[in-house]
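Novice: This is what each chain is made of:
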Amino acid sequence: MFDTGIKVLVVDDMATMRKIVIKSLRELGFEEFMEVADGGLAWDRLKESPENVGLIICDWNMPNVTGIEFLKKIRASQDFNQLPFILLTAESEVSQVKEALEAGVDNYIVKPFTVEILKRKLQDTYKKINP
Amino acid sequence: MNRPKSIIDNIFLTPFLCGVVDVFAVQAKVTVTQGAPQKRHAPDLDLSIAGSLKLDCEQFSGTVNMYFSKQVFLEIYKGVSGEKLENIEPKIEDCASEIMSMVFGQAKTVLKIHKYEFKPTIAKVLRGDEIKEQLEKPSEGVIVPFNSEFGPFYLEIIVQG
Ligand SMILES: [Mg+2]
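Those sequence lines, one after another, are chains Z and E. Counted from 1, the first sequence has number 99 at position 99 by my numbering; the numbering is strictly sequential. Counted from 1, the second sequence has number 1024 at position 24 by my numbering; the numbering is strictly sequential.
Chain E extracted, bound-state conformation:
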């Protein structure tokens, strides 16, 4: 049996966007505002780290990523942990994947109401060239800019297959 084609519509996207706003407010005490969703493209900004998670269920197959610049990431880390650092040290990198999995957790709860049953998954961290590679993948998808007092960051959903 063929899988239905993965579609990113408002029902699918909105829970992720609300998840971002919520996770940042609660865990990092940072207010963020959402920009307009756009067709996937590489943002014109130096992105240092990302949280990445596979999305897999009957109706959808793809990936969700959250990309951060060094400055924004360090400020967010300070918000969640209380610790101010000058550089993204290896021990704090998993903050990116933890944020990604919290956002997904929020979205998953809402999407379950719409009958999306995602398979369990563990978020991973992307850095350096992995980010470039991910952004340059020619797949279909959307990218949504968010703004914070420390600068912008991005949520991207990619469709696979």
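Isolated chain Z, as found in the complex:
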């Protein structure tokens, strides 16, 4: 299972989608969140207050710094390269998924999604990280 005691960084340019993600995470038992609207802001917030952040759920398609750009920045950083990173995408395209896997994403979720799908993706992610 996954640890619901951590803080989740939720990144999406759409406030409604951040709300959906956080609502779904709450249903799974998570209680602490940090939400921002793009990858640049996410990086700033993470550097400012990294305490207890244990998971990033991030949209792909965002203005300014996109999800994949933010992912690459995370994987290249000394402090955060171990953080589990899940990408949210509205496009279930093979080429995109390949690019994300090469960049070091742990999992991806295609929108729309249910709480059950999110739960399964989290279980898969943590199983991969801690086999």
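A few of these clues could be false.
Here are the simulated BS3-like cross-link-like pairs (lysine-lysine), alpha carbons at most 30 Å apart as the crow flies [to be verified]:
#1 Z:K23 to E:K1091
#2 Z:K121 to E:K1070
#3 E:K1054 to Z:K7
#4 E:K1119 to Z:K98
#5 E:K1078 to Z:K72
#6 Z:K72 to E:K1054
#7 E:K1078 to Z:K73
#8 Z:K23 to E:K1124
#9 E:K1132 to Z:K121
#10 Z:K119 to E:K1091
#11 Z:K119 to E:K1084
#12 E:K1078 to Z:K119
#13 E:K1124 to Z:K121
#14 E:K1029 to Z:K23
#15 E:K1029 to Z:K119
#16 E:K1084 to Z:K121
#17 E:K1078 to Z:K7
#18 Z:K47 to Z:K127
#19 Z:K47 to E:K1091
#20 E:K1084 to Z:K23
#21 Z:K121 to E:K1112
Rather than coming from a laboratory, the hints here were simulated on the basis of the structure. Please read all numbers here as calculations on a predicted model, not as lab measurements.
Starting from the known structure of chain Z, arrange chain E with the ligand on it as the hints suggest.
Specialist: Frame of chain Z, contents of chain E with the ligand only:
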């Protein structure tokens, strides 16, 4: 080289229609039924908000829009977020564009099989006069009514060029 003329046939339209049914079922837990596609016209209903997205690829150039009345939109927002509101507040407007982009995402995956390669795009929100303006554009296209337990809403595809 001239672009081929954009055509809305069943192969092109069906993935959008299936996308609507799917997105509403999964994300909003709302069952919707599709009505018959019609030649583009402004529906006789007060429409408060819309999600709008440019469609651009070699075979097609146009726009896809989804129009909602206030009542239907608030119920859908309640379905996706769990929050019941009396009015369409600015903070919830992007629900319209998010739904539009999810529907497009579903359609895009299917249309890729038929060799449509759409350029990346970000959906936007239309409100008030922007909706009127969009509906009154004289372009060719189709409009498809959908029904939900809260009332109807519409998906429109417009051909440009
Ligand atoms: Mg986005």
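Novice: So if I understand the rule, the pair passes when the alpha-carbon distance is 30 Å or less; does K1078 of chain E with K119 of chain Z pass?
Specialist: 22 Å, holds
Novice: For the pair supplied as a hint, K1078 of chain E and K7 of chain Z, is the alpha-carbon distance within the 30 Å limit?
Specialist: 25 Å, holds
Novice: Holds or violated: K1029 of chain E and K119 of chain Z, Cα atoms, limit 30 Å.
Specialist: 18 Å, holds
Novice: Given the hint that K121 of chain Z pairs with K1070 of chain E, test it: the Cα-Cα distance must not exceed 30 Å.
Specialist: 34 Å, violated
Novice: Just to be careful, I want the Cα atoms of K23 of chain Z and K1124 of chain E compared with a cutoff of 30 Å; is the pair within it?
Specialist: 23 Å, holds
Novice: Measure nothing beyond the straight line between the CA atoms of K1054 of chain E and K7 of chain Z; if it is 30 Å or shorter, mark the hint as holding.
Specialist: Status violated; Cα separation ~36 Å.
Novice: Between K1084 of chain E and K23 of chain Z, is the straight-line Cα distance small enough, at 30 Å or below?
Specialist: Holds, at roughly 14 Å.
Novice: Does the alpha-carbon distance linking K47 of chain Z and K1091 of chain E stay inside the 30 Å limit?
Specialist: 27 Å, holds
Novice: Need the status of pair K1132 of chain E, K121 of chain Z: alpha-carbon distance at most 30 Å?
Specialist: Outside the cut-off at roughly 42 Å; violated.
Novice: Between K121 of chain Z and K1112 of chain E, is the straight-line Cα distance small enough, at 30 Å or below?
Specialist: 25 Å, holds
Novice: Does K1084 of chain E sit within 30 Å of K119 of chain Z, going by the straight-line distance between their CA atoms?
Specialist: 25 Å, holds
Novice: Is K1029 of chain E within 30 Å of K23 of chain Z, Cα to Cα?
Specialist: 14 Å, holds
The structure fails to meet hints 2, 3, 5, 7, 9 from the earlier list, while all remaining hints are met.
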